[in-house]
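Peer 1: Modelling step: build the complete structure from the supplied sequences, incorporating the hints.
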Amino acid sequence: MIARGVFFLSVAAGLSACAEAPQDAAHKSGKYAGKVDAKPYEEGPQKLTRAEWERNLRTRADNQNDYKRMN
Amino acid sequence: MARMKFICDAERCIECNGCVTACKNEHDVPWGVNRRRVVTLNDGVIGAERSISVACMHCSDAPCQAVCPVDCFYKTEDGVVLHDKDLCIGCGYCFYACPFGAPQFPQAGAFGVRGKMDKCTFCSGGPEVNTSDAEFKKYGRNRLAEGKLPACAEMCSTKALLAGDGDVLSDIYRERVTRRGRGGEMWGHATAYGRPDAKAQPSPAVKS
Chain S
104 MIARGVFFLS
114 VAAGLSACAE
124 APQDAAHKSG
134 KYAGKVDAKP
144 YEEGPQKLTR
154 AEWERNLRTR
164 ADNQNDYKRM
174 N
Chain D
22 MARMKFICDA
32 ERCIECNGCV
42 TACKNEHDVP
52 WGVNRRRVVT
62 LNDGVIGAER
72 SISVACMHCS
82 DAPCQAVCPV
92 DCFYKTEDGV
102 VLHDKDLCIG
112 CGYCFYACPF
122 GAPQFPQAGA
132 FGVRGKMDKC
142 TFCSGGPEVN
152 TSDAEFKKYG
162 RNRLAEGKLP
172 ACAEMCSTKA
182 LLAGDGDVLS
192 DIYRERVTRR
202 GRGGEMWGHA
212 TAYGRPDAKA
222 QPSPAVKS
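Those protein sequence lines, which keep their order, are chains S and D. Remember, this note's numbering sits 103 above the position in the first sequence when you count from 1. Remember, this note's numbering sits 21 above the position in the second sequence when you count from 1.
Any given hint might turn out to be false.
To be verified - Derived Cβ-Cβ restraints for the label pairs, each shown as a range:
(1) S:P148 with D:A87: 29 to 39 Å
(2) S:R158 with D:G122: 27 to 37 Å
(3) D:G53 with S:P125: 37 to 47 Å
(4) S:E155 with D:P51: 31 to 41 Å
(5) D:R24 with S:K138: 32 to 42 Å
(6) D:I110 with S:L118: 19 to 29 Å
(7) S:K142 with D:V88: 22 to 32 Å
(8) S:E157 with D:V66: 40 to 50 Å
(9) S:R161 with D:E36: 22 to 32 Å
Said to hold, decoys possible - The calculated lysine to aspartate or glutamate pairs, modelled on EDC-like cross-linking and capped at a C-alpha distance of 16 Å, are:
(10) S:K171 with D:D192
(11) D:K169 with S:E157
(12) S:K138 with D:D92
(13) S:K142 with D:E98
Claimed, not checked - Computed footprint of chain S on chain D; a stretch qualifies when at least three of its residues, placed anywhere within it, have a C-beta under 8 Å from a C-beta of chain S:
(14) 87 to 100
(15) 147 to 154
(16) 181 to 194
(17) 199 to 213
Just so you know, these hints were derived from the structure itself, not from any lab. Backbone N, C-alpha and C define an ideal beta-carbon position, used for all residues, glycine too.
Peer 2: Below is the structure:
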């Protein structure tokens, strides 16, 4: 009786290993998991609105045009 | 909304390495780490030699961000690709994915163990309090928060290296190419900012 019980248990345990779990790794697009970064115009030496900060940088970037600077 | 980009004008770059020096000095970058470097093509070939200054291009669809196993990369609302060094495990996947070889790894100990990745931040620091000591030690200076553009571009003596809002840079470059009538190629621009299947634009015909 005990031997039969052990047999059925071992068969059940053995067959349960036959189930095949899916092994394909699904592609997950990364989601940033780190600390939040402050906006450059919110913290730091100058506290500006986004529009002001953007306008300043745009002017500064435009100064790289040496045709405008020389003439 | 600004979309920060780099453009290197190969017709103007004189391989002076001023950008490299400016970057290293500005951010106190350790020995062995080069956030920016100058690459010369056709070295010594008369008329065909071109130099370009290369660093992280802050790609529109950044491959480093896609492959990072710990998701330490993020993109600011201005299109600057940054990363959190507290999360980085120094695996080097980003280095293999980057078409520009931008990610750098300081040697962190004996036996060539890699430290946390370091790369160009477009002079905009990282996820620490803006312009704080902690930010400077981990990521370098935050010039964008100070209202300045990246040091490499502002230091460039021939203005070969341009940095800033993509619209402004396009206007500057267009005017240059129109005036000189050649040199319209923008090295790495299609790779960084174009569609994946986009081909590089042919250079305009030389005026005779």
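Peer 1: Tell me, in ascending order, the numbers of any earlier hints that this structure violates.
Peer 2: 5, 6, 17
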